[in-house]
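K.L.:
Here is how the chains run, residue by residue.
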Amino acid sequence: MAVTLDDYRTVSPPGSVDILRRMAEKLRSRRVLRINANRTGTGVAEMLERHTPLLQELGVDARWEVMQGGEGFQATCDALYNMLQGEEDRFSDEMLQQFIATNRENAQRLSFDADVVVIHDHQPVPLIDVRPQEGKWVWRCHLDIARPQRKAWAMLRQFLVKYDAAVFSLPKFAQRLPIPQFLIYPSIDPLSDKNRELSEREIGQALDRLGVPRDKPILLQASRFHRFKDPVGVIEAYRIAKKQNDCRLVLAGTPTSDEEGRKLLAEMEEAAANDPEVHILRLPETADIEINALQRAATIVIQKSTREGFGLMVAEAMWKGKPVIGGFAGGITAQLIYEVTGYTVNSVEGCAYRIRTLLNNPELAAKMGKDAREFARWHFLITRNLGDYLALLTTLLR
Amino acid sequence: MRGTRLSGKDGEAKHPFQFMACWELREMLGRRAADVQELLDGLEEVPLDSIYFHTHSYFLRHPYIAGPYPNDFANWAAIQLRDRVLGERLAVIDPFEVGDLEALRNELVTILDDHLSHVGSVPRIVYGELFFFMQSRILAVPAGIRARTLTEFREGLERVDSSAVYFHVLAALTRKGKRRNDFASWIEDGLGLKELAGRVAAINPYATSLEGARKHLVELCESGEQAAR
Numbered sequence: 001m002a003v004t005l006d007d008y009r010t011v012s013p014p015g016s017v018d019i020l021r022r023m024a025e026k027l028r029s030r031r032v033l034r035i036n037a038n039r040t041g042t043g044v045a046e047m048l049e050r051h052t053p054l055l056q057e058l059g060v061d062a063r064w065e066v067m068q069g070g071e072g073f074q075a076t077c078d079a080l081y082n083m084l085q086g087e088e089d090r091f092s093d094e095m096l097q098q099f100i101a102t103n104r105e106n107a108q109r110l111s112f113d114a115d116v117v118v119i120h121d122h123q124p125v126p127l128i129d130v131r132p133q134e135g136k137w138v139w140r141c142h143l144d145i146a147r148p149q150r151k152a153w154a155m156l157r158q159f160l161v162k163y164d165a166a167v168f169s170l171p172k173f174a175q176r177l178p179i180p181q182f183l184i185y186p187s188i189d190p191l192s193d194k195n196r197e198l199s200e201r202e203i204g205q206a207l208d209r210l211g212v213p214r215d216k217p218i219l220l221q222a223s224r225f226h227r228f229k230d231p232v233g234v235i236e237a238y239r240i241a242k243k244q245n246d247c248r249l250v251l252a253g254t255p256t257s258d259e260e261g262r263k264l265l266a267e268m269e270e271a272a273a274n275d276p277e278v279h280i281l282r283l284p285e286t287a288d289i290e291i292n293a294l295q296r297a298a299t300i301v302i303q304k305s306t307r308e309g310f311g312l313m314v315a316e317a318m319w320k321g322k323p324v325i326g327g328f329a330g331g332i333t334a335q336l337i338y339e340v341t342g343y344t345v346n347s348v349e350g351c352a353y354r355i356r357t358l359l360n361n362p363e364l365a366a367k368m369g370k371d372a373r374e375f376a377r378w379h380f381l382i383t384r385n386l387g388d389y390l391a392l393l394t395t396l397l398r
Numbered sequence: 399m400r401g402t403r404l405s406g407k408d409g410e411a412k413h414p415f416q417f418m419a420c421w422e423l424r425e426m427l428g429r430r431a432a433d434v435q436e437l438l439d440g441l442e443e444v445p446l447d448s449i450y451f452h453t454h455s456y457f458l459r460h461p462y463i464a465g466p467y468p469n470d471f472a473n474w475a476a477i478q479l480r481d482r483v484l485g486e487r488l489a490v491i492d493p494f495e496v497g498d499l500e501a502l503r504n505e506l507v508t509i510l511d512d513h514l515s516h517v518g519s520v521p522r523i524v525y526g527e528l529f530f531f532m533q534s535r536i537l538a539v540p541a542g543i544r545a546r547t548l549t550e551f552r553e554g555l556e557r558v559d560s561s562a563v564y565f566h567v568l569a570a571l572t573r574k575g576k577r578r579n580d581f582a583s584w585i586e587d588g589l590g591l592k593e594l595a596g597r598v599a600a601i602n603p604y605a606t607s608l609e610g611a612r613k614h615l616v617e618l619c620e621s622g623e624q625a626a627r
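Chains as they are written, first to last, in this note's numbering: chain W, 1 to 398; chain V, 399 to 627.
Hints are computed from structural coordinates only; laboratory data are not their basis.
For glycine and all other residues, C-beta sits at the position ideal for the given N, C-alpha and C.
Fair warning: there could be bad hints in the mix.
As the list claims (entries may be wrong) - Only pairs whose alpha carbons sit at most 25 Å apart, straight line, appear in this in silico DMTMM-like list of lysine to aspartate or glutamate: (1) W:K162 with W:D193; (2) W:K162 with V:E425; (3) V:K613 with W:D371; (4) W:K26 with V:D433; (5) W:K367 with W:E339; (6) W:K216 with W:E349; (7) W:K162 with W:E105; (8) W:K172 with V:E609; (9) W:K172 with V:E422; (10) W:K136 with V:E425; (11) W:K367 with V:E609; (12) W:K26 with V:D492; (13) V:K412 with V:E593; (14) W:K172 with V:D439; (15) W:K136 with V:E422; (16) W:K172 with V:E556; (17) W:K172 with W:E87; (18) W:K370 with W:E339; (19) W:K370 with V:E609; (20) W:K172 with V:E443; (21) W:K136 with W:D388; (22) W:K242 with W:E259; (23) V:K613 with W:D18; (24) W:K172 with V:E442; (25) W:K136 with W:E105; (26) V:K613 with W:E374; (27) W:K370 with V:E556.
Said to hold, decoys possible - Sample of chain V residues lacking proximity to chain W, with all beta carbon distances greater than 12 Å (derived): (28) M426; (29) V507; (30) V517; (31) S534; (32) R557; (33) S583; (34) G610; (35) E620.
The following block holds chain W by itself, in its conformation from the complex (with noise of 0.2 Å):
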């Protein structure tokens, strides 16, 4: 059955979705177009999946539409997706042409009859050169571009520039634009089966599918397997905190197919040395019930990354009243309060610590799982979510 808005009353802060019933009054039968390059497979097209149906409940007239591209296209954009986010990546005068020549025709091809277009990402960007007269039209970055390479980012910023207002994730992903830039976190949905309630024996028959046994605390990271995740640091803290206080390690992830995959996977084995309590899962993107399960079973969740975009992982532990250790890196530490919700660490050693500081006080680990909780309630659910984008398009269209 549909997820309806009155659902997240049990979920959400109390009265929010009130506020936004009230807020979208003034949105009411205004065309909102989002446009992205996916239909399945990624954060923003979850989202998408999962905002569309709710904007309209509220009565807001929304559309979301999809990209179509060859191999070409996917290549230039897979390009400029590792090069917007800091990483090494090239790509040739000809494949410029083609991802233009291919905005070209999905321009062709779309309709932009809308008050409000929203596009998400890079993939679509050059798009706003067959804008219409009227609308407004918002660039919705979902990328760690704080240090995007140049090459990539001059050739999106004269497309950017067209724009009316920009949206990033983090305060430190703005760029110089000529344009108002909006703050807007990303959310989860308590509702989706990565998030939902489970019964104990959902999360008892879960982590007996994925052979992990609860007699003792269960230190949990699971995040894909990704050298900027630190994985082998994890393993290491872990072993620093087992000398004195007796725990499992559960490193639940998706590996990559890859050279560097293996490579980091083949790491991970030797770091872990057959301890029969440190458990490398790997599982498919699809295994949300035994992500949800593991979450709920752990003593302590720990997203211990080097980099990171956002990490809506550590919101969803803390939204299943976890105390969250996380690496000092992208928004986690907008999401952690040092001390209330969570801890942030620097080191391996810090980790440590702090796995040790949890284990031997579980009032305070209670006590900060629950202030999790309710921080990631009123923070990073998708009614805030929801919300924030209705104050965006009530204030652009002013």
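Start from chain W and add chain V according to the hints.
P.N.:
Here is chain V on its own, set in the frame of chain W:
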């Protein structure tokens, strides 16, 4: 407790109090600071709306749980810059007492200036995050709750979104020409409860949180209801 009733039937205001909630859309100014000198330069130059964002509306963003200090400047100095002394000095500023935003800017600037004159080198972030100057656009939204009596008012206060407390207490004081918060004005002008209005006007939200201020307000209303029985 009961003062001169100015309007309406006994215990009932002629004009109901309409609770307004609000929503904050955050805007980035594109200006940042990596050390105390840059923070000082920014504070001197950013629009007053940015001073407001980092001090007054901090409470709107932290209605239930706050960081160690009650404004963004103090938290940044203490956590990111790791200058606890500066953090403490900035934390103790009470915008409720300082008055208008220009006076608040002046207070912040003089503290930073004084701090710089006493330290050997300019404190700069090493591992921490930059300070990003922001401002907000506050959208007022009717909360759909009205009150004509003190009891209705108290009941409304108990269930309204906490942003309404922000809107009627904190934001009201920074609106042009306002000397007391909206709740106090209505309790005095609408219900004629002068003494209660005085106590409501004296509530300092900066000493607690929005939820703390709400709790205090509800207690004051309850004592007012008891006195009227």
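K.L.:
Hints first: check each against the structure and report whether it holds.
P.N.:
The hints, checked one at a time:
For the given pair, W:K162 sits about 39 Å from W:D193 by alpha-carbon distance, which is inconsistent with the 25 Å threshold. Taken as a hint, the W:K162 and V:E425 pair is honoured in the structure, with Cα atoms around 19 Å apart against an allowance of 25 Å. Taking the CA atoms of V:K613 and W:D371, the gap is about 18 Å. The hint holds against a cut of 25 Å. Of the pairs offered as hints, the one joining W:K26 and V:D433 is violated, with about 43 Å between alpha carbons and a cut-off of 25 Å exceeded.
For a cut-off of 25 Å, the pair hint linking W:K367 to W:E339 stands: about 11 Å separates their Cα positions. For the proposed pair W:K216 and W:E349, the alpha carbon gap of about 22 Å is at most 25 Å, so the pair holds. Restraint check for W:K162 and W:E105: satisfied, since their Cα atoms lie roughly 20 Å apart, inside the 25 Å limit. The straight-line distance between the Cα atoms of W:K172 and V:E609 is roughly 30 Å, outside the 25 Å bound, and the hint therefore fails.
Under the criterion of a C-alpha separation no larger than 25 Å, the hint pairing W:K172 with V:E422 is consistent with the structure, at around 19 Å. With a CA separation close to 17 Å, the supplied pair W:K136 and V:E425 stays within the 25 Å bound. Between the alpha carbons of W:K367 and V:E609 the distance comes to roughly 18 Å, so the proposed pair stays at or under 25 Å and holds. Note on W:K26 and V:D492: the hinted pairing is violated, with a Cα-Cα distance of about 36 Å set against a maximum of 25 Å.
Our distance criterion of 25 Å between C-alpha atoms is met by V:K412 and V:E593, whose separation comes to about 19 Å. Annotation: proposed proximity of W:K172 to V:D439 holds, straight-line Cα distance about 19 Å (limit 25 Å). Annotation: proposed proximity of W:K136 to V:E422 holds, straight-line Cα distance about 20 Å (limit 25 Å). Proximity of W:K172 to V:E556 is assessed by CA-CA distance (about 37 Å); at most 25 Å being required, the pair is judged violated.
Of the supplied pair hints, the one linking W:K172 and W:E87 holds, its CA atoms being roughly 17 Å apart against a limit of 25 Å. The straight-line distance between the Cα atoms of W:K370 and W:E339 is roughly 13 Å, inside the 25 Å bound, and the hint therefore holds. At roughly 16 Å between alpha-carbon atoms, W:K370 and V:E609 fall within 25 Å of each other, so this suggested pair holds. At roughly 20 Å between alpha-carbon atoms, W:K172 and V:E443 fall within 25 Å of each other, so this suggested pair holds.
Of the supplied pair hints, the one linking W:K136 and W:D388 holds, its CA atoms being roughly 17 Å apart against a limit of 25 Å. Restraint check: the Cα-Cα separation between W:K242 and W:E259 comes to about 31 Å, which exceeds 25 Å; the hinted pair is violated. Annotation: proposed proximity of V:K613 to W:D18 holds, straight-line Cα distance about 22 Å (limit 25 Å). Only pairs whose Cα atoms come within 25 Å are accepted, and W:K172 paired with V:E442 is accepted, the gap being roughly 21 Å.
Of the pairs offered as hints, the one joining W:K136 and W:E105 holds, with about 21 Å between alpha carbons and a cut-off of 25 Å not exceeded. Annotation: proposed proximity of V:K613 to W:E374 holds, straight-line Cα distance about 18 Å (limit 25 Å). Our distance criterion of 25 Å between C-alpha atoms is met by W:K370 and V:E556, whose separation comes to about 22 Å. Its closest Cβ contact with chain W, about 4 Å, brings V:M426 to no more than 12 Å, contrary to its assignment away from the interface.
The Cβ of V:V507 lies farther than 12 Å from every Cβ of chain W, with a closest approach of about 22 Å, so its non-interface assignment holds. With a least CB separation of 23 Å from chain W, V:V517 remains clear of the 12 Å interface cut-off, as annotated. Not every beta carbon of chain W lies more than 12 Å from that of V:S534, the smallest distance being close to 9 Å; the non-interface claim is violated. The beta carbon of V:R557 sits about 7 Å from the closest Cβ of chain W, which is not more than 12 Å, so the claim that it is off the interface is violated.
The claim that V:S583 lies off the interface holds: its Cβ sits roughly 23 Å from the closest Cβ of chain W, which is beyond the 12 Å cut-off. For V:G610, the condition that its CB be more than 12 Å from all CB atoms of chain W holds, with the nearest at approximately 14 Å. Listed as a non-interface residue, V:E620 keeps its Cβ farther than 12 Å from every Cβ of chain W; the least gap is roughly 20 Å.
Of the hints listed earlier, those the structure fails to meet are numbers 1, 4, 8, 12, 16, 22, 28, 31 and 32, in rising order.
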